[in-house]
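Trainee: One-letter residues, chain by chain:
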Amino acid sequence: MAPEVHSLAQTPITSHAFSADRSQLAVSLNSNDAQIFSRQGSDWVCTETLSEHDKLITAIDWAPNTNRIVTSSQDRNAYVWQEQPDPETGKLVWKPTLVLLRINRAATDVRWSPKEDKFAVASGARAIAICSFDPENNWWVSKLLKKPIRSTVLSVDWHPNNVLLAAGSADMKARVFSAYIKEVDERPAPTVWGSKLPFNTVCGEYTSPAGGWVHTVGFSPSGDVLAFASHDSSISIVYPGGPVVHNIRMPSLPLVSLAWTSEGTIIAAGHDCRPLVFSGSEAGWQKAGTLDDVNAPKSPEARSFGSNASVGRLKTSAFATFRDADSRGQSSVGGSASPTADTKLLTIHQNTITSVRPYEYDANGVAKVSTSGVDGMLVIWDVNAVTA
Amino acid sequence: MDNAFRKIDIDQYDEDVLQESELYEADPRGPAEVLEESKQRQAAVRSSLAKNDIAGALTIILDNAPYGPNVDDAKVITLQTLLTILNTTKSTEITGVIKSLSMDTQDTLMKYLYKGMAMPGWGDISGSVLLGWHEKLTEVAGVGCIVRTMTDRRTV
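In order, the protein sequence lines correspond to chains E and G. With this note's numbering as the guide, the letters of the first sequence map in order to residues 1 to 388. With this note's numbering as the guide, the letters of the second sequence map in order to residues 1001 to 1156.
Check the hints yourself; a few may be wrong.
To be verified - Below, computed lysine-lysine pairings styled on BS3-like, alpha-carbon distance capped at 25 Å: (1) Lys-1075/G <-> Lys-1039/G; (2) Lys-115/E <-> Lys-146/E; (3) Lys-1115/G <-> Lys-1090/G; (4) Lys-1099/G <-> Lys-287/E; (5) Lys-287/E <-> Lys-1136/G.
Hint data in this document are derived by calculation from the structure and do not stem from the laboratory. Only a predicted model underlies this, so the values are computations on that prediction, with no experimental measurement involved.
For reference, chain E alone in the conformation it holds in the complex (with noise of 0.2 Å):
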């Protein structure tokens, strides 16, 4: 099955968000504002934005059963979004919470927790923002998890349970925190990570050997196991009975995000601008292969737009000496007519991939991921369409 590709953007995607049933996404385009673009046909125009941050929005996430939006900025801040109707027109628009988040850095990351009634900040303040809602005042208040966090935290995932948070920060190192409060949560079950956790116990604290900043964290669909990327170019995933790390070493550039699709299989992109998909079990983990395979016979219209039409042209002996001379000390791209082919990348996407987010579940975990990246392209990618 082909990949579904939509061009957003000429800017960077900086996060992006699929509402619960897919046909609406938020995204921030590199700037100050998000959108909401909302499928029309084939294509996803946008019909709001939601304007209230002075700064760059750094994260997006988009709760599917509370169909509550929160985006986290550099200006320190975070707003909830929901969506009411407007007192004049009637219409359903969204409407922004401020969240005190108490931080002195930007914050770089956002999710919700699985129940939806909390969510975590990654900051650069080395500090993470759990915010849980206070019915009585009607805010979000916020506590920080703080020790030993050394550096800015640049990612942040939930586990299943509700309690229990991944962090990867520019210290190198990967941690399990409970970021467990009173009077929103109840008294978790023990897990391979601990029991009896009272707020900001460390679980766990894992560093890939050549170090490098954790770029992304992933529990996977269970929580029994984490994974991590950092900038050595490595994945590592964690076993915490051992505990058992297995650390994947790449000859390609780092990656910057991943998602679990099962619990056995990881589909993570990065620098390379192509989504990668490892899987293995406790007993060793291994690279199976990619989500974009680079030798297929593309469609006509992605690569040699124009060429066609002209190659009677081009044929007379003139222009062939013109077209030569261009081209004398390039390697030849295999015979293409078209002088554009080495300026463009083989991968779909044409710049970095900065997220990879679930999209489409099935019977056996995630059937669909969604990518978008520094080229202003969002690609929806069949998790089981591996090349190796």
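Given chain E, work out where chain G should sit, using these hints.
Mentor: Only chain G this time, still in chain E's reference frame:
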């Protein structure tokens, strides 16, 4: 804007600043031990080279290479020994030798290549030899090996 109005380095008094040493596992061996070890390895490498076992010589000198602060003498000895190996290998044999090294050894070799390239004219460093090895190593170990050289705080 001129920020040079401070007369004292205030960062040294900040207790919570992130130290370089917190970012990687320190070498458990002491400096004297490391120096001893590198001298022994130098001798072992000489005997390997006499038997024309290039891959073996590389593995001896690169595995558990000295890293971090306070071990500069050991690092110098290791670098000199490594350079003799690199200079005496025939260019046709380089790819074969690299393929037989483990991933750890390949990463450490890349670190030394960059270290050598940063010191042109030191000892018997030859830029073309280092570049030749760099090209062959990147073909085998990929760009990831270079990224690891840049990221790893355990500097050789």
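Trainee: Now tell me if each hint is right for this structure.
Mentor: Right, here's what the structure says about each hint:
no.	hint	verdict
1	Lys-1075/G <-> Lys-1039/G	11 Å, holds
2	Lys-115/E <-> Lys-146/E	23 Å, holds
3	Lys-1115/G <-> Lys-1090/G	21 Å, holds
4	Lys-1099/G <-> Lys-287/E	19 Å, holds
5	Lys-287/E <-> Lys-1136/G	23 Å, holds
Figure legend: structure checked against the earlier numbered hints; every hint is met.
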